[in-house]
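Taken in order, these protein sequences are the chains called A and B.
Under our numbering, the first sequence has 9 at position 9, and the numbering climbs by one with no breaks.
Under our numbering, the second sequence has 152 at position 152, and the numbering climbs by one with no breaks.
Treat the hints with care, as some may be off.
Computed cross-link-like contacts, DSSO-like style, restricted to lysine-lysine with a CA-CA straight-line distance of at most 27 Å [unchecked claim]:
id, chain 1, residue 1, chain 2, residue 2
1, A, Lys253, A, Lys220
2, A, Lys104, A, Lys68
3, B, Lys165, A, Lys102
4, A, Lys108, B, Lys165
These are computed hints drawn from the structure, not numbers from a lab.
Predicted model only: the values in this text are computed from it and were never measured.
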Amino acid sequence: MLDVRGLRKVYEGSGRRVEAVRDLTFTVAAGELVCLVGPSGCGKTTLLKCVGGLLEPTAGEVFLAGRKVDGPPPGMAFVFQEYGRSLFPWMRVGQNVELPLKQKDLGKARRRELVADALASVGLADAAGAYPWQLSGGMQQRVAIARALAYEPEVLLMDEPFAAVDAQTRADLEDLVRRLWRERGITVLFVTHDIDEAVYLGERVIVLSASPTVVREQLKVDLPAERDQLSTRVAPRFAELRTHVYERIQAAKRGVATAKTDTPPPH
Amino acid sequence: MRRLLLRLVFVLALPVVLVAVWWVSSAGSEDVYWPPLRTILETFPDVWTGERWRGDVLPSVLRLTAGYALAAVVGVALGTLIGSYRRVRAVCEPVLEFLRAVPPPVLVPVIMLFAGIGDTMKIVVIASGCVWPVLLNTVEGVRAVDAVMTETARSYGITGAARLKDVVLPSAGPQIFAGLRQALSIGIILMVISEMFAASNGLGFTIVQFQRSFAIPDMWTGILLLGLLGFVLSVLFQLVERRALGWYHGLRAAARRSR
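Using the sequences and the hints given, assemble the complete structure.
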């Protein structure tokens, strides 16, 4: 579904040249939930913006369902970390969710149906008439997720969406993403700096190096599809996987080179 | 109910005191140029008859409305254009700073040369003074659209006219309204000044006529009426602003509460 090949991004400006992303190649299959995790400041956001067509890569290509991405494609929806600045405060919740749909060729009835359905599936069916700033942070991020869902994307890109909410809200939102992914079969690329979150959410975890970023390791998460905050997080396999990812991230921070592997670590 | 009454008292207290001070201090005045307030108020209904309202007040208000509306449309349109493109801004900025620094009243004789002394001249004068605060505030507002909102709009394919209508202009709304508010007071000043130069009717013309014919209480009633006009327009403006920017006041109140 999503095919990233040799992606490289160099920022140039005011005499400084910063290589944020060096060479990234990975794929995300249709219906997969993949988490990208890396040390802080490793160019995760840059990478996601390149994938989403918001930034032009210096080299390399991104393909969405076989088509080259050169600008935000209609088949992708973006959920930003800064929910408060991503929702439009002059529009009510329902209008915020509906706005992107107006760019698509949809009838009014169909738009209403999509908005109501998306808001219901994030548990905010009765908040359509409220303004975003009347809601809590977690609820605002739910609205942003509803907006992305209503857009009916092939791929959902999420850029550290829960970094700014409190721990309990974050756990709820993680379960929400898992549930929506399973119900709707959308492809999700989820960027986070939180190792536990990456292992808990993902079917596969891609570990990134420190900037300039390359793929350190790709790891299949062989936890059961049915996950919950209580039992999954204390499962021995969860601990093994998170320890493994943690070691890789620490190694990445120190800049130790390790071979890329595609197999899960031994039990 | 009690709170409403209390608010009313707060709002009216100072005006009542000021009027009372004026009334008392001018009560026994023999000075021709400083007539008692009592005399001014008694003259008011005789001066501002239905005919005067039709012949002087209405033309003034219509000129103000036309000039102000013209300035608002031109200011917002040009401001959006200049604010949206860095290149256009780089080219225009020095010229704008110069033009803004020219006091609009000195343009009256110049504008008279090519626009004559009719309504066109007055409307152009009002518009040429009102346009600057609207224009410059719009430029700043459009420039300051949040980067995340811009990216959100882009990622959902909200471009062109939809982007302007649903993202850029609402986001710049608070700044645009700040400019419109400044423009309103400038507009009233220019309305009067343009009528003092060359006119056969209007509030400014009438007040100058009274002054030149030593009808001093009549002149004072004109000044009172101008003050009242400005007050009414400002209240109307606030009503519109509250409606258009309801979200902004709510957002700010929410931000204050969470702090």
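For each hint, the structure was consulted:
1. Proximity of A:Lys253 to A:Lys220 is assessed by CA-CA distance (about 22 Å); at most 27 Å being required, the pair is judged to hold.
2. For the hint pairing A:Lys104 with A:Lys68, the CA-to-CA distance comes to about 20 Å; that is within 27 Å, so the pair holds.
3. A distance of roughly 13 Å separates the Cα atoms of B:Lys165 and A:Lys102; the hinted pair therefore holds under the 27 Å criterion.
4. For the given pair, A:Lys108 sits about 19 Å from B:Lys165 by alpha-carbon distance, which is consistent with the 27 Å threshold.
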